[in-house]
Amino acid sequence: SLDTYTECPLKFYYARLLKLPRPPAARSQRGTLIHAVLEAFNARATPETHTAEALLALWRHAVQLPPASVGALSPALGRAMGYLAALDPLEREDLLADVEACLADLGRQGYFDEPIARAWPETAIRKLELSQLPGYRFSMAVDALLERPDGSFDLLDYKCLGGAKYKAKAETELGKFGV
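So that you can map any letter, position 68 of the sequence shown is 68 in our numbering, and since no number is skipped, the others follow by simple counting.
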């Protein structure tokens with residue numbers, strides 16, 4: 001607080017006394033945007049459309065739409081894109097380029113290497129009845145489930161896609177339940 005006051009008394013007044021909300025920092029929105037676009041992508045994914053090209057096409061389409069129209073693709077993506085309006089134009093362009101680079105990296109990390117039979121985004125996972133996945137219980141946050149043609153599943157945490165840390169955690173969690 002003292003640093004804020006010495007930096008700018010008016011900023012201190014607005015933030016600490018009036019408690020006005022501050023716009024989110026550009027970097028804090030990166031993860032929110034990536035999660036939202038992957039949620040929208042996996043909600044539409046079919047075995048034929050689960051490709052790096054389709055993911056980037058969805059992202060580029062969302063970026064070109066007027067902010068009010070993005071919500072039709074996905075409410076979460078609409079909210080996430082709405083935060084961009086609070087950023088200055090340079091921050092916005094840097095953030096959009098960074099998100100696109102992260103999405104493009106998914107192909108290099110092997111996200112699309114194996115075919116899928118079906119994808120369940122987080123919103124669908126919450127609606128799944130346990131009888132649909134007999135023997136499966138989750139105590140970790142799961143952003144998506146990808147069902148493979150052989151009936152196996154991949155559990156995804158978007159911030160850790162392709163990472164050894166996530167694979168180890170998933171194996172530990174699933175091992176607890178004999179899966």
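Rather than coming from a laboratory, the hints here were simulated on the basis of the structure.
It is possible that part of the hints are untrue.
Using 20 Å as the maximum straight-line C-alpha spacing, the simulated EDC-like pairs for lysine to aspartate or glutamate come out as follows [unchecked claim]: (1) 11 / 98; (2) 19 / 7; (3) 19 / 3.
Derived CB-CB ranges, DEER-like [as the list claims (entries may be wrong)]: (4) 148 / 4: 18 to 26 Å; (5) 11 / 92: 42 to 50 Å; (6) 30 / 113: 23 to 31 Å; (7) 60 / 113: 19 to 27 Å.
C-beta: ideal position from N, C-alpha, C; glycine also.
Results of checking the hints against the structure:
1. 11 / 98: violated (29 Å)
2. 19 / 7: Cα-Cα ~17 Å, so holds.
3. 19 / 3: The hint holds at about 16 Å.
4. 148 / 4: 18 to 26 Å: Cβ of residue 148 to Cβ of residue 4: about 51 Å, so the range 18 to 26 Å is violated.
5. 11 / 92: 42 to 50 Å: violated (22 Å)
6. 30 / 113: 23 to 31 Å: holds (24 Å)
7. 60 / 113: 19 to 27 Å: holds (22 Å)
In this structure, the hints that do not hold are numbers 1, 4, 5, in rising order.
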